[in-house]
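Enquirer: Take the given structure of chain A and dock chains B and C to it, following the hints.
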Amino acid sequence: MRTVVLIAAGVLLLLAACGRKQTSTTGTTTAPGGTKLVVAVMPKLKGIDYFNAVERGAREAAQELGNIDLTYDGPTEGKVDLQIPFIESWTLQKVNVIAVACNDPDAISPALKRARDKGVHVITYDADANAEKSGREFFVNQATFEDIGRALVDEMASQAGEDAKVAIVSSSPTAPNQNAWIAVMKRYMAEKYPKMQIVTVQYPEEDQGRAFSMTQDILKTYPDVKGVFGLSSVAFPGAADAVRQAGKSGKVAVVGLSTPKSMKEFVKDGTVKTVILWNPVDLGYLTVYVAKAVAEGTLKPGVTEFEAGRLGKVKVEGDQVLLGPPMKFTRENIDQYDF
Amino acid sequence: MTSERISSPRPTAWRQYGREMSVGVFLLLLLAYFGTTPGFLQASNLRDILINAAPLTIAACGMSMVIIAGMIDISAGSVLAVCAVVAGLTAKSGAPLALIVLLPMLAGAAIGAVNGWLVAYLRIPAIIVTLGMMSVLRGGIIWYTRGEWIGNLPPSFSAVGRGEVGGIPVPVLLAMGVVLLTALLLARTPLGRHIYAVGGNPVAAGRMGISVRRVLWLVFVLHGALLGLSALVYASRFSVIQSNAGAGFELLAISAVVVGGVNIFGGQGTVWGSAVGALLLQVISTGLIFRRVSEYWAPSVQGALVLLAVVADALRTRRLGR
Amino acid sequence: MRVRLPRREAVLLILLAVEMAAMQSLSPLFLTADNLIEVVRQSAEIGLIALAMTLVIITAGIDLSVGSVVGLSIMVMGMLWEDAGLPIAVSALLALLAGTLCGVFNGALITAVGIPPLIVTLATMAGFRGIALGMSQARSIRNFPEGFLWLGQGYVLGIPVQVWVLAVCALLFHIALTRTAWGRSVFSIGANEPAARLSGIAVNRLKRQVYALSGFMSALSAVVYAAHVSVAKPDAGLGFELTAITAVVLGGTAVSGGEGGVLGTLIALLMVGFLRSGLTLARVPSEAQDMMVGLLLILVVAIDRWSRKEKG
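Chains as they are written, first to last, in the working numbering: chain A, 174 to 512; chain B, 13 to 334; chain C, 1313 to 1624.
These aren't lab readings, by the way, just hints derived from the structure by calculation.
Be aware that a few hints might be false.
[Stated by the list, open to error] Only part of the chain C face toward chain B is listed, based on derived beta-carbon distances under 8 angstroms:
| id | residue |
| --- | --- |
| 1 | P1428 |
| 2 | D1602 |
| 3 | L1609 |
| 4 | R1617 |
[Stated by the list, open to error] Calculated cross-link-like contacts (lysine to any residue; reagent style SDA-like; alpha-carbon spacing at most 20 angstroms):
| id | chain 1 | residue 1 | chain 2 | residue 2 |
| --- | --- | --- | --- | --- |
| 5 | A | K291 | C | G1470 |
| 6 | A | K501 | A | G443 |
| 7 | A | K446 | B | N164 |
| 8 | B | K104 | B | L118 |
| 9 | A | K473 | A | E305 |
| 10 | A | K291 | C | I1349 |
| 11 | A | K306 | C | L1461 |
| 12 | B | K104 | A | K446 |
| 13 | A | K291 | C | A1345 |
| 14 | B | K104 | A | E438 |
| 15 | A | K424 | A | K446 |
| 16 | A | K473 | A | G292 |
| 17 | A | K291 | A | E310 |
| 18 | A | K338 | B | S306 |
| 19 | A | K338 | B | V305 |
| 20 | A | K291 | C | G1466 |
| 21 | A | K501 | A | E310 |
| 22 | A | K488 | A | D222 |
| 23 | A | K209 | A | N240 |
| 24 | A | K473 | A | K446 |
Just so you know, even glycine gets a beta-carbon here, dropped at the ideal spot from N, CA and C.
Okay, chain A solo, but in the shape it has when bound:
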């Protein structure tokens, strides 16, 4: 029994020591309450290219501004119930600003409200919370669902024709962004390209292999499909790979959203002509600038314009800070971006 306890204590001290080491390497041990502004930024999930780019922008801004102590953490899976504990723990630490990309607008709101009630500033980016229930101050909006949905459909119409039959390869069937884009796309198609037709929507979850084999199956089941939308950073390369390996590069258009880095090869060999995305580095950068301005009180309701470092003047509409229109990455410019 005694040995057991000794071993147990040793093991846990070891764990604690690991923890210590981790903390010191991230270099963010400065206690809150000093002159530094503590900003906590949370992605929807860690470990994907897109949010790595966001983190890079956030760190760039924090360094530029100098007096920011930045914490960047979040769950390793995109689930809202895993995001809530981070909010609670940051609230307890009394960080100055919390910036969240929400996995669900309603579910996260009570936790954000509690943070607000305890005097923590709250902003959202990438995906908004319920503005009223959460009491969040600003939403850093990279591009509206409307903008993205329309840009995707317009791009498809120009590549595959206005009467093309198209298929969608999405993410999980409950992914909020993807579903919002699909809703906009359907509406906009009916308005502007009534002859365009969506033959099927498939959900490969976050699995490259399934995105690949589902696209293969789509191409065979619907031989007259002229275009495939890949709506996530996993679905898009998976779909492009399937089209390329079926020898249909150039015959079946592949349009979608992803980081340029993961799509570079397909853009270079012509399978994919355009990748649509806003600049995630700029999004992280802008988010930290907004966080600082909100904490210092320079950005408050009624402001219509806002100076954000290298981004220059950024438009503010109501309680939304706008990053600007989505970007298009093509063979000509894709080499300039390394995210």
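Expert: Only chains B and C this time, still in chain A's reference frame:
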């Protein structure tokens, strides 16, 4: 339960391979049903099904050995992710083909050795070891790669996933090879007989002079190496490698094995059944898209079909038993 | 065997205390009422499932479908409330019924057809999730009435409501398991099923009850979860099964059946929750937390094994 089965009289051919045959019949029925949709039975589609089923088939062979030995592996999906990243990084470093094949298998075997050591020598139940290992590896792979995909792979890499030998795709050849070798291993070698013995009744196996620990450890090492090969076949079909691949892959592999008639309590079953099981799962997933089944209902149809295969088999063995 | 039970829980408690001390040394904010209460609140949904899972595992079974039962029953509740216009209380009760029926279905396949629990619940895991997605067409239901949200966001005497729910359930489970003939039968099934059958225990009926209970507790967890996050989505509960199983086995319930208890499960639940919370407060990145939870599971079980070997 297991002891009853072992003491039953020597099985006839139908009894011995009954499970495998009934899964085979089920597969044929499904093929006939999906075959009524145009294009499904085309050679090119059947070929794609075989290629797409190859990684799962290879993993199912290893998983069969693990389950026959009375163990289980929940960490298979995260091992796949680790090995896929190892394969990609090796290929990118310009290593020769032999190393690209060998290193992921070694990585898988190493993880398997750790799992096996914890299970066999520390006697921690396999489900706990591999459940813990799953979190460790998933966290570790994100920590190491930061989630970045591996691109710019050399053409030699795709030779594995997309190449052909004598008109047969390499993944299919590899899968067939693995099925054949593991089947031979299980049926014709002392180690194979020991695996069945350990899975059927570890205490009795120990009394017969079999080193139960060594057999279990070896099973996990072999299974890990096969997962490495499976990861290589999986990853080399694509132009970029997802660093966090294989979520839920372990459940798929276990499904393939149990649908194929391997007794979940160990001691019974063959890799032939598991290979047919893996093929069956791929046929269902492709077939549902061809039949244009609503995407939302697809998972429940899939679950129901798996259940149907298992229930049919359970009822059949019951009748035989009486 | 029964004499040894309190000892294992004592070991777990000591481990928990050491862990809490370590976490406190990492962050002085760890041992505050606010933080500890929040951690327990975040663990409540998994806790409810883990209680029933403890029983399932004591009978040497397993239930992988619990997460999907959460998704199915949460959508039953949401759709009955929004589409059929039933009062939320009635919808919630019917959701409990739906979850119980899922459990009954599992139990029937396991006992009547004789398919191993792992296989049955692996298949129904996909099946129930598909039904949740199919009947709701993957939409989510929001704007539940305030009174209902109290269940997941309110407080009674400073303690969150769902923690009270968990405490009451845990007490009931503990009493049923340790103080009743029913509980002893559950243990004896797991310890030696043929012997239990011979001694006149209605093994199949008891197993059906245990799986029905697992379905019921999953549905209860779903109702609490809906009130906690104020939204019903068909992907609710994804992955709950592994977190619940982790808590149960970490708590010392043997996967081979016949041994264990809900107290160990609760302590283990807190161990995982406190570990994550302390590490988050210390700003340890979440992927490192995942790794440590995995290591913790393997280490604690290894220590448990080893301590028993020591005692012989």
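Enquirer: State for each hint whether it applies.
Expert: Going through the hints against the structure:
Interface hint at P1428(C): satisfied, since its Cβ lies 5 angstroms from the closest Cβ of chain B, which is below the 8 angstroms cut-off. Evaluation of the D1602(C) hint against chain B yields a held restraint, the C-beta minimum of about 3 angstroms falling below 8 angstroms. Contact between L1609(C) and chain B, as hinted, is supported at the beta carbon level, the nearest pair being about 4 angstroms apart and thus within 8 angstroms. The beta carbon of R1617(C) comes within 6 angstroms of a beta carbon in chain B, closer than 8 angstroms, and the hint placing it at the interface holds.
For the proposed pair K291(A) and G1470(C), the alpha carbon gap of about 17 angstroms is at most 20 angstroms, so the pair holds. At roughly 15 angstroms between alpha-carbon atoms, K501(A) and G443(A) fall within 20 angstroms of each other, so this suggested pair holds. Taken as a hint, the K446(A) and N164(B) pair is honoured in the structure, with Cα atoms around 18 angstroms apart against an allowance of 20 angstroms. With a C-alpha separation of about 17 angstroms, the suggested pair K104(B) and L118(B) falls inside the 20 angstroms cut-off, and the hint holds.
In summary, the hint linking K473(A) to E305(A) is supported, as the alpha carbons are separated by about 16 angstroms, within the 20 angstroms threshold. For a cut-off of 20 angstroms, the pair hint linking K291(A) to I1349(C) stands: about 16 angstroms separates their Cα positions. Between K306(A) and L1461(C), the direct Cα distance comes to roughly 13 angstroms. Compliance with the 20 angstroms bound is thereby established for this hinted pair. Straight-line distance between C-alpha atoms of K104(B) and K446(A) comes to about 26 angstroms, which puts the hinted pair past the 20 angstroms bound.
Restraint check: the Cα-Cα separation between K291(A) and A1345(C) comes to about 15 angstroms, which is no more than 20 angstroms; the hinted pair holds. With a C-alpha separation of about 15 angstroms, the suggested pairing of K104(B) with E438(A) holds against the 20 angstroms cut-off. Taking the CA atoms of K424(A) and K446(A), the gap is near 12 angstroms; set against the 20 angstroms cutoff, the hint holds. For a cut-off of 20 angstroms, the pair hint linking K473(A) to G292(A) stands: about 16 angstroms separates their Cα positions.
Only pairs whose Cα atoms come within 20 angstroms are accepted, and K291(A) paired with E310(A) is accepted, the gap being roughly 14 angstroms. About 18 angstroms separates the Cα atoms of K338(A) and S306(B), which keeps this hinted pair within 20 angstroms; it holds. Restraint check for K338(A) and V305(B): satisfied, since their Cα atoms lie roughly 18 angstroms apart, inside the 20 angstroms limit. Of the supplied pair hints, the one linking K291(A) and G1466(C) holds, its CA atoms being roughly 17 angstroms apart against a limit of 20 angstroms.
At roughly 30 angstroms between alpha-carbon atoms, K501(A) and E310(A) are farther apart than 20 angstroms, so this suggested pair is violated. Our distance criterion of 20 angstroms between C-alpha atoms is broken by K488(A) and D222(A), whose separation comes to about 27 angstroms. With a C-alpha separation of about 5 angstroms, the suggested pairing of K209(A) with N240(A) holds against the 20 angstroms cut-off. With a C-alpha separation of about 41 angstroms, the suggested pair K473(A) and K446(A) falls outside the 20 angstroms cut-off, and the hint is violated.
Going through the hint list in order, the structure does not satisfy hints 12, 21, 22, 24.
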